[in-house]
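Please work from the sequences and hints to get the whole structure.
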Amino acid sequence: MMSIIHPVRLPFVLPVNAEKSVERFINVFIVTGEKVCIIDTGARGCQKGILDKLSELKKTPAEIEWVINTHEHPDHIGGNSFFEKHAGPWFACHEEAVRWIENPDIQYRERPIHGFYSLVKESARITRTLTDGDELDLGDGITLKVIYTPGHSSGSISLFFPVEGVLITGDAIPPVGGLPIYDDAEETRESLQKLAELSGVKTLYCAHSNRPFTGGEVEEVIAAGIDYLDFVESTLAEVMEELPSNAGQEEITREVLLQLDLDPPPVMPITVKSIMSHLK
1058 MMSIIHPVRL PFVLPVNAEK SVERFINVFI VTGEKVCIID TGARGCQKGI
1108 LDKLSELKKT PAEIEWVINT HEHPDHIGGN SFFEKHAGPW FACHEEAVRW
1158 IENPDIQYRE RPIHGFYSLV KESARITRTL TDGDELDLGD GITLKVIYTP
1208 GHSSGSISLF FPVEGVLITG DAIPPVGGLP IYDDAEETRE SLQKLAELSG
1258 VKTLYCAHSN RPFTGGEVEE VIAAGIDYLD FVESTLAEVM EELPSNAGQE
1308 EITREVLLQL DLDPPPVMPI TVKSIMSHLK
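Numbering-wise, my numbering puts 1325 at position 268 of the sequence shown, and it's gapless, one number per residue.
Wrong hints could be hidden among the right ones.
[To be verified] List time: in silico BS3-like cross-link candidates among lysine-lysine, alpha-carbon distance up to 25 Å:
#1 K1251 - K1202
#2 K1116 - K1202
#3 K1337 - K1178
#4 K1092 - K1116
#5 K1116 - K1251
#6 K1251 - K1092
#7 K1105 - K1142
#8 K1092 - K1110
#9 K1110 - K1142
#10 K1092 - K1077
#11 K1251 - K1330
#12 K1077 - K1178
#13 K1105 - K1116
#14 K1202 - K1259
#15 K1092 - K1105
#16 K1330 - K1077
#17 K1178 - K1202
#18 K1116 - K1142
#19 K1092 - K1202
#20 K1202 - K1110
#21 K1337 - K1259
#22 K1092 - K1142
#23 K1259 - K1110
Derived from the structure by calculation, the hints contain no laboratory data.
This one's a predicted model, so the numbers in the text were calculated from it and none came from an experiment.
In structure tokens:
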């Protein structure tokens, strides 16, 4: 079967603080059915990689009918405004993601991260909201199914192509050994359990993984994500026993991150929220 789902790796620079930046990448996707669909648009200024891949596939920006955001965070939506200006597609996401996608300034105020505006600056208008179980017909027998997978963010969705057996999860699966970044630990766990129960998955793509996962690896990666949540939670419980009862959230987070071998511990609002969400 000819591949119709084309991953594109977009490198970008993520400022950690005023003195330090790190090189990162994000996997976005071009789906070439009768209708061309872009899944996530990467960080601001990284869209040449998408344009180059379109050209390789003998497609043009004018043929893009859909842009779907797996969630609302800046490294996934930074190119939306570029495609709004140069292609004019329909933009879709979960309803919980609309507010932050359409209003980056509000997102920055409510979820401040260093270098936010290097990742996204302008907004694009969402023209369709997606909910759990929705199906999108891309033509040529290609159907995309929406799976609501909140936890990493309230507006996170995963996208499943049943015929091809391809599952795209954005940031829904926490990377083992990586920085815990999720709004709600329990919702994340429930979403992973939902993905684990999905039948017919042959290939799994995560937004920041070096490669796709196939066959039995799919189940292993999802299970490892659940195990990592459990490990963070048990580590938090141990830290809470050792620290004084009046320890603040930042101190608790710092100790947990150190126990996770994240040194120096990146204590910031998004990691504090992640760790503290285990106490809900």
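We went through each hint and held it up to the structure:
Between K1251 and K1202 the CA atoms are separated by roughly 14 Å; this keeps the pair inside 25 Å, and the hint holds. Between K1116 and K1202, the direct Cα distance comes to roughly 24 Å. Compliance with the 25 Å bound is thereby established for this hinted pair. Taken as a hint, the K1337 and K1178 pair is broken in the structure, with Cα atoms around 33 Å apart against an allowance of 25 Å. Between K1092 and K1116, the direct Cα distance comes to roughly 11 Å. Compliance with the 25 Å bound is thereby established for this hinted pair.
A threshold of 25 Å between alpha carbons decides the hint, and for K1116 with K1251 the separation of about 35 Å lies outside it, so the pair is violated. Of the pairs offered as hints, the one joining K1251 and K1092 is violated, with about 29 Å between alpha carbons and a cut-off of 25 Å exceeded. Taking the CA atoms of K1105 and K1142, the gap is about 14 Å. The hint holds against a cut of 25 Å. For the hint linking K1092 to K1110, the alpha-carbon distance of about 16 Å falls within 25 Å, and the restraint holds.
Distance restraint check for K1110 and K1142: the Cα-Cα separation of roughly 19 Å lies within the 25 Å cut-off, and the hinted pair is therefore satisfied. For a cut-off of 25 Å, the pair hint linking K1092 to K1077 is broken: about 41 Å separates their Cα positions. A C-alpha spacing of about 23 Å is found between K1251 and K1330, which places the hinted pair at or below 25 Å, so the restraint holds. Proposed proximity of K1077 and K1178 is supported: the alpha carbons are some 21 Å apart, at most 25 Å.
With a C-alpha separation of about 14 Å, the suggested pair K1105 and K1116 falls inside the 25 Å cut-off, and the hint holds. A hinted pair counts as satisfied when its Cα atoms are at most 25 Å apart, and K1202 with K1259 qualifies at roughly 15 Å. Our distance criterion of 25 Å between C-alpha atoms is met by K1092 and K1105, whose separation comes to about 20 Å. Distance check on the hinted pair: K1330 and K1077 sit about 23 Å apart at the alpha-carbon level, within 25 Å; holds.
Restraint check for K1178 and K1202: not satisfied, since their Cα atoms lie roughly 30 Å apart, outside the 25 Å limit. Distance hint between K1116 and K1142 is fulfilled; the C-alpha atoms sit about 17 Å from each other, no more than 25 Å. With a C-alpha separation of about 15 Å, the suggested pair K1092 and K1202 falls inside the 25 Å cut-off, and the hint holds. For the suggested pair K1202 and K1110, the alpha carbons sit about 24 Å apart, so the restraint of at most 25 Å is met.
Distance restraint check for K1337 and K1259: the Cα-Cα separation of roughly 35 Å exceeds the 25 Å cut-off, and the hinted pair is therefore not satisfied. Distance check on the hinted pair: K1092 and K1142 sit about 19 Å apart at the alpha-carbon level, within 25 Å; holds. Of the pairs offered as hints, the one joining K1259 and K1110 holds, with about 24 Å between alpha carbons and a cut-off of 25 Å not exceeded.
Violated hints, listed in ascending order, are 3, 5, 6, 10, 17, 21; each of the other numbered hints is respected by the structure.
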